[in-house]
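Top line first, the protein sequences correspond to chains A and B.
Take any residue in the first sequence, note its place counting from 1, add 29, and you have its number in my numbering.
Take any residue in the second sequence, note its place counting from 1, add 21, and you have its number in my numbering.
I should point out that these hints are in silico values taken from the structure, not numbers from a laboratory.
From the three backbone atoms N, C-alpha and C, an ideal C-beta is built for every residue, glycine too.
Treat each hint with caution, since some may be false.
To be verified - Derived DEER-like restraints, expressed as beta-carbon distance ranges:
| hint | chain 1 | residue 1 | chain 2 | residue 2 | range |
| --- | --- | --- | --- | --- | --- |
| 1 | B | PHE72 | A | THR44 | 19 to 27 Å |
| 2 | B | LYS121 | A | SER111 | 20 to 28 Å |
| 3 | A | SER113 | B | ALA89 | 38 to 46 Å |
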Amino acid sequence: EAAVTQSPRSKVAVTGGKVTLSCHQTNNHDYMYWYRQDTGHGLRLIHYSYVADSTEKGDIPDGYKASRPSQENFSLILELASLSQTAVYFCASSDTGAVNTLYFGAGTRLSVL
Amino acid sequence: QQKVQQSPESLSVPEGGMASLNCTSSDRNFQYFWWYRQHSGEGPKALMSIFSDGDKKEGRFTAHLNKASLHVSLHIRDSQPSDSALYFCAASEPGGSNAKLTFGKGTKLSVKS
């Protein structure tokens, strides 16, 4: 079974502070993704990456940065956290960019106060 | 407008009963569909995909796709309490990418024992 591990599992941040969410996969997958889940909105893609040291914008990238220092690791960075960024964040990986199975981590619940 | 719409928002069925979930796309280019299931406190997990008209059966789960009406359904027979979860429908264009996968808002299924 593919393994995607996220840390931390939950975090409380202050408005205006910097937040870094981390994701590690052991699937040897090239593609990694960051999604945001809000009640009533389903899953929305923030950033994704298909190779180390390169990231791409998804559907809702504003207010977020991403970093892919290696094939295994993908981080989501909130430079200036805002109340509206309170949500559950999921990292996922897939072996190719073509539509196929996404393997999700367990999520990080972020509360910005 | 939400391109992938799911109904009902929530559903309750007795243990052993049949659960039927619906998904419709408003984009005629969306012809590939996926079902993901998310248990509370976990990340989504792929259940099955369907790309051709007709039925696809995997164990207790049957997906039905009608491309003409852009409608896909998921039927769970002999529902178990462990089936209680949030079910997402996701859609894409044929030959599309995971980065362009569009998720619905989800249907919350409760199976009562």
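Tested hints:
no. : hint                            : result
1   : B:PHE72 / A:THR44: 19 to 27 Å   : 45 Å, violated
2   : B:LYS121 / A:SER111: 20 to 28 Å : 27 Å, holds
3   : A:SER113 / B:ALA89: 38 to 46 Å  : 40 Å, holds
The structure is inconsistent with hint 1 alone, although it conforms to all the rest.
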